[in-house]
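Chain order of the listed sequences is H and R. Residue 1 is where the first sequence starts when you use UniProt numbering, and the numbers rise one by one after that. Residue 1 is where the second sequence starts when you use UniProt numbering, and the numbers rise one by one after that.
FYI, nobody ran anything at the bench for these hints, they're computed from the structure. Some clues are possibly wrong.
Estimated spans, in silico, between C-beta atoms of each pair [stated by the list, open to error]: (1) R:Ala113 with H:Leu144: 46 to 52 Å; (2) R:Thr45 with H:Glu191: 48 to 54 Å; (3) H:Ile310 with R:Ala373: 46 to 52 Å; (4) R:Ala373 with H:Ser143: 37 to 43 Å; (5) H:Gly32 with R:Ala373: 35 to 41 Å; (6) R:Pro336 with H:Lys114: 24 to 30 Å; (7) R:Ala373 with H:Thr208: 52 to 58 Å; (8) R:Ala373 with H:Gly244: 39 to 45 Å; (9) H:Tyr74 with R:Gln2: 53 to 59 Å.
From a predicted model like this one, the values you see are computed outputs, not experimental measurements. Just so it is clear, CB atoms sit at the ideal spot from N, CA and C, and this is done for glycine as well.
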Amino acid sequence: MTRYEAVIGIEIHVELKTNTKIFCHSTTEFGGDPNTHVCPVCLGLPGVLPVLNKQVVEYAIKAGLALNCEIAEYSKFDRKNYYYPDLPKNYQISQYDLPICKNGYLEVETGQGKKRIGITRIHMEEDAGKLVHQGTITTSPYSLVDYNRTGVPLIEIVSEPDMRSAEEARAYAEKLRSVIQYAGVSDCRMEEGSLRCDVNVSVHPVGTGEFGTRTEIKNMNSFRSIQKAAEYEIERQIEVLENGGRIIQETRTWDENKGITVSMRTKEEAQDYRYFPDPDLVPLVIEREWVEAVRNSLPEMPEQRVARYIESGLSEYEANVLTASKEVSDYFDQCLKTYNNPKMVSNWIMGDLSRLLNSVNMEICDCRVKPAQLADMLKMIDSGTISGKIAKTVFEEMFNTGKDPETVVKEKGLVQISDESAIAAVVDEIIAANPKSVEDFRNGKDKAIGFLVGQIMKATKGKANPQLVNKLLKDKLS
Amino acid sequence: MQLYQMTAHELHRLLVKKEVSAVEIAKSVYDRTDDLERKINAYITLTKEKAMRQAEAVDAKIAAGEAIAPLSGIPVAVKDNICTKDVRTTCASKILHNFVPPYNATVMEKLEANQAVLLGKTNMDEFAMGSSTENSAYFVTKNPWNIERVTGGSSGGSAAVIAAGEAVCSLGSDTGGSIRQPAALCGVVGMKPTYGAVSRYGLVAFASSLDQIGPFTRDVADCAIMLNAICGYDPKDSTSAKVGVPDYTSFLINDVKGLKIGVPKEYMAEGIEPEVRKAIEAAIEKFIELGAEVEETVLPHTDYALPTYYIIAPAEASSNLARYDGVRYGHRTEEPENIVDMFMRTRSEGFGEEVKRRIMLGTYALSAGYYDAYYLKALKVRTLIMQDLERAFAKYDVLLSPTTPSVAFKMGEKIDSPIQMYLSDICTLSANLAGIPAMSLPAGFVGNLPVGMQLMGKPFDEGMLLRFAYTFEQNTDFHKRLPLL
Chain H
1 MTRYEAVIGI EIHVELKTNT KIFCHSTTEF GGDPNTHVCP VCLGLPGVLP VLNKQVVEYA
61 IKAGLALNCE IAEYSKFDRK NYYYPDLPKN YQISQYDLPI CKNGYLEVET GQGKKRIGIT
121 RIHMEEDAGK LVHQGTITTS PYSLVDYNRT GVPLIEIVSE PDMRSAEEAR AYAEKLRSVI
181 QYAGVSDCRM EEGSLRCDVN VSVHPVGTGE FGTRTEIKNM NSFRSIQKAA EYEIERQIEV
241 LENGGRIIQE TRTWDENKGI TVSMRTKEEA QDYRYFPDPD LVPLVIEREW VEAVRNSLPE
301 MPEQRVARYI ESGLSEYEAN VLTASKEVSD YFDQCLKTYN NPKMVSNWIM GDLSRLLNSV
361 NMEICDCRVK PAQLADMLKM IDSGTISGKI AKTVFEEMFN TGKDPETVVK EKGLVQISDE
421 SAIAAVVDEI IAANPKSVED FRNGKDKAIG FLVGQIMKAT KGKANPQLVN KLLKDKLS
Chain R
1 MQLYQMTAHE LHRLLVKKEV SAVEIAKSVY DRTDDLERKI NAYITLTKEK AMRQAEAVDA
61 KIAAGEAIAP LSGIPVAVKD NICTKDVRTT CASKILHNFV PPYNATVMEK LEANQAVLLG
121 KTNMDEFAMG SSTENSAYFV TKNPWNIERV TGGSSGGSAA VIAAGEAVCS LGSDTGGSIR
181 QPAALCGVVG MKPTYGAVSR YGLVAFASSL DQIGPFTRDV ADCAIMLNAI CGYDPKDSTS
241 AKVGVPDYTS FLINDVKGLK IGVPKEYMAE GIEPEVRKAI EAAIEKFIEL GAEVEETVLP
301 HTDYALPTYY IIAPAEASSN LARYDGVRYG HRTEEPENIV DMFMRTRSEG FGEEVKRRIM
361 LGTYALSAGY YDAYYLKALK VRTLIMQDLE RAFAKYDVLL SPTTPSVAFK MGEKIDSPIQ
421 MYLSDICTLS ANLAGIPAMS LPAGFVGNLP VGMQLMGKPF DEGMLLRFAY TFEQNTDFHK
481 RLPLL
């Protein structure tokens, strides 16, 4: 059987987090009653004109710099003409041949180490509205249109066809999301549609230089579906070729439930968008001073954070895990502000916190335990108020209720017993009750002391200060 | 002399002296309109109640001893492609027959700030496409000088109301000559300002890179007054120019001694009717007599203006008019089978022949595989035409030519021959392609029909055009002749 190589390129639409739309003053706030976040300009009513939101350009430049792009000195907006009821003007204002950014790259961790994925271009455009059907699109007796999203600013980031596997595609998308979040230009909330991916896939026999015919899988909104869809599509194409078939250039959709891609439209039906420069908007001349000012305003990016974390004593692995998501990394940094022990904080975030988050499928930004609360709890361990072991119980309670660690400890009576005389009494009790173990210890079986400690902790419901227990026990047995 | 026959500056003087009230002026104009509208058909919508309220407000201000602006209380008509809040704006198209904008065009805001009185919305060629106002979906406006003849277009209604005494000043829009050509055929003053001098916000777009709003008036002084009111930077229009606005009345100087006029020989060529040329030659003689220096010059790419225009304008129009689809406002077809059927039938029913013709032309010119050959090439030629004009203006203060090749033609004469109709704008198109200011003013008669003279100037040099026009007007009396109605 012939061995095949896959070629994957990705187009990602990212919603920029400006307060107002790209060409008017309407709010970009998510949700709202249908058609309440609109004005004559974003509705494209007769006679009104677009005026470019400067913040959009700044964010696009920022994204471009974060992705190592060249920022154009001269750029312009074009009209992409097509009919659809959710597109008020029946053209979308976008950028065609002179996008604001080009020639960038992103470094991605792959099975074979670091790999550089090229970024062809980034351009700015306006979003369209959304159709609401009663039932399904084919059987609905009528359709309603909500224009709240119309004119929400987007950037489209187009990669080079540099990825060779579904895993790489996923890694690229994940890394890109993280970089965009770090740059602070988008929330990248996939469930709200503020990050959407189209994946282009082709395959060709290994050894042949030429790429195969590609298909485009539209509108995926999770990293998992990107990987699954690409995997499916690679296999599907190989199968077609193996059976002597031919791949046709087409647009496909990913059916999440069935786990397959389905044809949407073939190239024969492809749109002629009749792009031309939008005469309502003047060309964009971007001053170099502005680009430099934006560059200087770029926040710390993941690579820089990784370096800083390693410097502070974390392993490369830990640093990479913590920085994979900006929210996690921000959480970590917040903790350090009041409790400067990176290793300890890292252990808790990567351990108990992520375990609990995973168990209820929650994002860290929705977590009820705020960084300062985790830090307070860690301080209570250091001061001996609670033991490390009890902290696990305290933390779980904090996670479920959002209560402060002090409150939890007080309510549950979990304060560590550090009173020597109180512990000494229990130690005496346990020694008296376990002569066999005492003898074993005295005969050189060091392990036996572990059993005794366990018994003491059990008797104190884990509240005894472990250091003190060890010290007292050894004193009494020697 | 009746109030409806007077100019804005004459009426202003009477208002300030309290010899007449704004209500009386408005009544005079509306009475005239009542008498004439059945004959002329210039208005699509009249806004009488609103107008009377506005006039009363001006009178109250005068009574209170407050100062008023030069346009306060002056009755103004507005072309029906300029959006007026709460007043329907149809573009003379069936597709917008019921469209009432919830906003004002910036020029309307400015007129309201000046307390001008809005009389109503004037007839036009549908979506400003045409040169005779015969393409209105509602009715044809007739030329006050001869009601068997056209007013020109597309701002025919706005030109006719000035000639007929149905308004004192009016606004039109000029994409390829749509102010100057009807001004010429109706014997009034019409100006297309520099592209960017007047905000396009609220002007229903035909071809965005060419469209410009401008005034129609009875004389040159009124033209300056209107420019003072409507020019200026507008943050709502990205193509609006951030330049200072001079007081245009300061250019009303009766002196052109030593100033230089270029007469492009291409504009006096065989396409121009001999009698029109004769009138323009006489006007040139007048300028020489008044001390201007006149020279023949060349604009070598003039022949390409028409084809260039008929690529660029329809291309932009095909995109600008895509929004009229029946989804949100305006006409929608009844009981469509599906969404595509709805789009197609709505547009088939809503648009007239000329609009459809241009949408098809533009769609074709922008299509994949044709873009480079047509649209891109047209943009390049547009640059050459601009360079021709730049070179000429390095030498001359104004360029002088006929505004139109002929006087007003008969209704129906050219309507079945698009190319013949397109040729009516042959002298005016270049100014739109280059974005320069140009105006037309009465410069003679052929029989009882007016001849228009076109003056073109450097960008933002409207003042120079006003100066030449004012000097000509002060030394001739063509503008004083009135049509017999």
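Supplied distance hint 24 to 30 Å, evaluated on CB atoms of R:Pro336 and H:Lys114 | violated, 56 Å
Can the suggested window of 52 to 58 Å be confirmed for the beta-carbon pair R:Ala373 and H:Thr208?
-> At roughly 36 Å between Cβ atoms, H:Thr208 and R:Ala373 fall outside 52 to 58 Å, so the hint is violated.
Range hint 39 to 45 Å (beta carbons of R:Ala373 and H:Gly244) holds or violated | With a Cβ separation near 41 Å, R:Ala373 and H:Gly244 satisfy 39 to 45 Å, so the hint holds.
Honestly, do R:Ala373 and H:Ser143 meet the 37 to 43 Å range at C-beta?
-> For H:Ser143 against R:Ala373, whose Cβ atoms are near 39 Å apart, the range 37 to 43 Å holds.
Do the Cβ positions of R:Ala113 and H:Leu144 conform to the proposed distance bound of 46 to 52 Å?
-> Once the Cβ atoms are compared, 39 Å apart, the range 46 to 52 Å for H:Leu144 and R:Ala113 is violated.
Take the C-beta atom of H:Gly32 and the C-beta atom of R:Ala373, compute their distance, and say whether it sits inside 35 to 41 Å.
-> violated, 46 Å
Taking the beta carbons of H:Ile310 and R:Ala373, is their distance inside 46 to 52 Å?
-> About 59 Å separates the Cβ atoms of H:Ile310 and R:Ala373, which means 46 to 52 Å is violated.
For the range 53 to 59 Å, tell me whether the beta carbons of H:Tyr74 and R:Gln2 fit it or not.
-> Taking Cβ atoms as reference, H:Tyr74 and R:Gln2 lie about 57 Å apart, which means the hint holds.
Regarding R:Thr45 and H:Glu191, is the given constraint of 48 to 54 Å on their beta-carbon distance met?
-> Since the Cβ atoms of R:Thr45 and H:Glu191 sit about 49 Å apart, the hinted range of 48 to 54 Å holds.
The structure fails to meet hints 1, 3, 5, 6 and 7 from the earlier list, while all remaining hints are met.
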